[in-house]
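Given chain A, put chain B in place with the hints provided.
There are 2 protein chains.
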Amino acid sequence: MKALLDQLRSIAGEANVLTEGDLSAWEHDWRKRSQGKSLAVVRPATNMQVAQIVQACAAASVTIVPQGGNTGLVVGSTPDESGTQIVLSLQRMNAVREIDAANLTITVEAGCVLQAVQQAAQAEGLLFPLSLAAEGSCTIGGNLSTNAGGTQVVRYGNARDLCLGLEVVTAGGEVWNGLSSLRKDNTGYDLRDLFIGSEGTLGIITAATMKLYPLPASTLTAWAAVPSLESAVELLGMAHRHLGAGLTGFEVMGQFALSLVARHYPQMRVPLYKQWPYCVLIENSDHESDLHARTQFERLLESAMEEGLVTDAVVAENLTQAHQLWHIRESIPLAQAEEGLNIKHDISIPVSRIPEFCEVTDTLLSAAIPGVRLVNFGHLGDGNLHYNVQAPAGGDNAAFLREWEERVNTIVFDSVHNFSGSISAEHGVGSLKAGKLLDHKSPVALEMMRSIKRALDPNNTMNPGRVIRA
Amino acid sequence: MKALLDQLRSIAGEANVLTEGDLSAWEHDWRKRSQGKSLAVVRPATNMQVAQIVQACAAASVTIVPQGGNTGLVVGSTPDESGTQIVLSLQRMNAVREIDAANLTITVEAGCVLQAVQQAAQAEGLLFPLSLAAEGSCTIGGNLSTNAGGTQVVRYGNARDLCLGLEVVTAGGEVWNGLSSLRKDNTGYDLRDLFIGSEGTLGIITAATMKLYPLPASTLTAWAAVPSLESAVELLGMAHRHLGAGLTGFEVMGQFALSLVARHYPQMRVPLYKQWPYCVLIENSDHESDLHARTQFERLLESAMEEGLVTDAVVAENLTQAHQLWHIRESIPLAQAEEGLNIKHDISIPVSRIPEFCEVTDTLLSAAIPGVRLVNFGHLGDGNLHYNVQAPAGGDNAAFLREWEERVNTIVFDSVHNFSGSISAEHGVGSLKAGKLLDHKSPVALEMMRSIKRALDPNNTMNPGRVIRA
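Chains as they are written, first to last, in the UniProt record's numbering: chain A, 1 to 470; chain B, 1 to 470.
Just so you know, these hints were derived from the structure itself, not from any lab. Every value quoted in this text rests on a predicted model; they were computed, and no experiment measured them. Virtual Cβ for every residue (Gly too), placed ideally from N, Cα, C. Treat the hints with caution; some may be incorrect.
Unchecked claim - Pair ranges (Cβ atoms, derived):
#1 Asn-460(A) <-> Asp-22(B): 49 to 55 Å
#2 Glu-302(B) <-> Lys-436(A): 55 to 61 Å
#3 Lys-436(A) <-> Glu-307(B): 53 to 59 Å
#4 Glu-307(B) <-> Glu-298(A): 29 to 35 Å
#5 Asn-460(B) <-> Ala-59(A): 31 to 37 Å
#6 Leu-438(B) <-> Ala-123(A): 37 to 43 Å
Chain A extracted, bound-state conformation (with noise of 0.2 Å):
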């Protein structure tokens, strides 16, 4: 391992070879369900440099762990216990390589910060909508290797979705430029969207060609009230009739999860949630005006009403108070893990059938763990829930974890395989979902994940055991 280590100094630098010290940063997982130990951090600053460290792990049997800002929630990014991985991480390859107005793309190095991207296109005044909490620390590589959704995703798509081109360091350690940023190229397999979603098992994303939209010339949001979930839902049918492409958000959060955020942060003042049992926050982005934007808004929530789809509803007069409300909503998370720890999910479920996933789900649950509280929220535009388990009131949340999280996984997973929905929406498989992927996915796609893991990674050595297990 010593010639290795030298080799790797020689590569990328004395300094960007991290063998010693607090390395928990790039070993231990956002959550800190795992803390793991590597055999050194690498920091490579070029494509080249990634492609010779590829070369020098497979020549000396060493696997290498991909990592970003290290911000994933299923245990993807970071080593296992052995200390014999390598965590090569990318976040030295950060430069904005070009912006291109008139093609409206921009092309990024994986370790640059989401939040960079959004800034360098609106420098240019233009938008790049992938938005999600972590956009402060989490990268562009990252983003794509899990095919982040976030909160746009309803109007421009997830990573995926946005991506013209990538350049990739294969398992063979070469260099793959496939960083086109065309929008209709039919030349062959798409090996793009194989490798995002793939999260570093098949080969290292070193950089990005990403889509770029105009800048809305005005952006609102509204919260509103609703007496159920099956409103919740025609609401957003209206949405999309009234609005078009203008509805660039809808986002629903249950009662409970609006009380925890009022309990724990009474300063941000939660609107209309007492009396009713969801409210949910739409965002309308328009081209033309913030008058037009407005009077769009006005007739969409003046027809929910009619309808008794909306009970009561706020427009935020301005972007301090948008700001507010969107900042309710990302709250909840931290509202929950104040009240203790909890069960998290990440679904999602057709959404013509959410209402009743909700009630067959919620009453399964209810039954099992009499007092068990839900705190149910998400991105209902995408029909994605974060459908998180919370121990009955006053209970102890660790005992309850110990006891509950595998028999609650189990119920909720049953449930959404039942109703045709994912385990695991946005935020990937990683080691945490990697073994109930072999319960909930069909063999013959299992087989094909198999077949393809083994033609582009032959010796197993990129993040080996995460997404597909042999």
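For chain B alone, kept in the frame of chain A given last:
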């Protein structure tokens, strides 16, 4: 072979295994460039029958050419001349299985004609936006296998972008049920997008779940003359800013292309083309009202005229006029055929580089072939040009093709390559461009494609020789 044919008859029924009579509808390609000969044309009615046919052919070492509407332009869905291949036609699998309006999805079998999918959506007040010239006869399975593009890609993307889930019969004769109707699902490798665009070389798409959108309240079409291709590109950027997602079509048409329509179809009354090198066709889809759409359009065109990007323009007064304008655009290929055989291209270039590409390539061609005529038109919004090359006036078209096709292709494709473009934007590879791909795709990408082909179709029974050659 007799035993195999008997087996196929017992699977699909006597009447659905065609071996005699005129089979040219299945054996000759759309553009009549290739006249193949099949062992049999088999027309299954269910995915289970498809699976059994694949198994039977595998056991007999007979290769399969999947076929939809047989409207492809690159000889990808007709058999070779050996008389040993099976054509597997999906045309009898043409059911609309489900429309879920609240989920904005439709599930259809592969043999559904594109227009039938559009109509099924419209009957529910919804839009299925894929639209292209062959929509009356091409099938959704073919559209997905070739990742079809068309006229609304600037807003809604290619066929790939409209698909949420697939049902596929694998090369091993298994049915993969991947008919997800979810907007977010990060549970493993993107098998869906691997099959999409693989032109039947990895498996056979038997059904798909596709995205739907709300029907716009109004769709308006404008026709504008522009002083140059640079102006057309600037106008496109302005249209993005003014109309946002309302911009659902942006076509460009060169003066010579339009003059051919005017010459061969004088009844069509081509507007505004005589004094200006290019005209553009712009479509604006609005979710509010006809009045709003018109106001938006007028503002755009006024701004463009003020900045000298547009010299003259008309907005269609009604749907009939709009159809007339689109009809002119769609008649260019036919007018070209009337003028005589020509050398067709389907290329894409980053939008920002299109003016320079055309200038450079026009010059190269004119230098090589004095008097050569360029029929340049296409989907400028997607950077996709049908940059076709017609013999000098009065020349012998057939002789021109014989003498020049290969050399013209080399000039154009090399130039495309220099401008980071694609030699097949929307038509795919098929047999016609499989050889060219070897020159213009990166060796790293080609080797990954070969690995994937070997992994998923180890005996090379699915549409062999298409897309990727060994």
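### Query
Against which earlier hints does the structure fall short, listed by number upward?
Failing hints: none at all.
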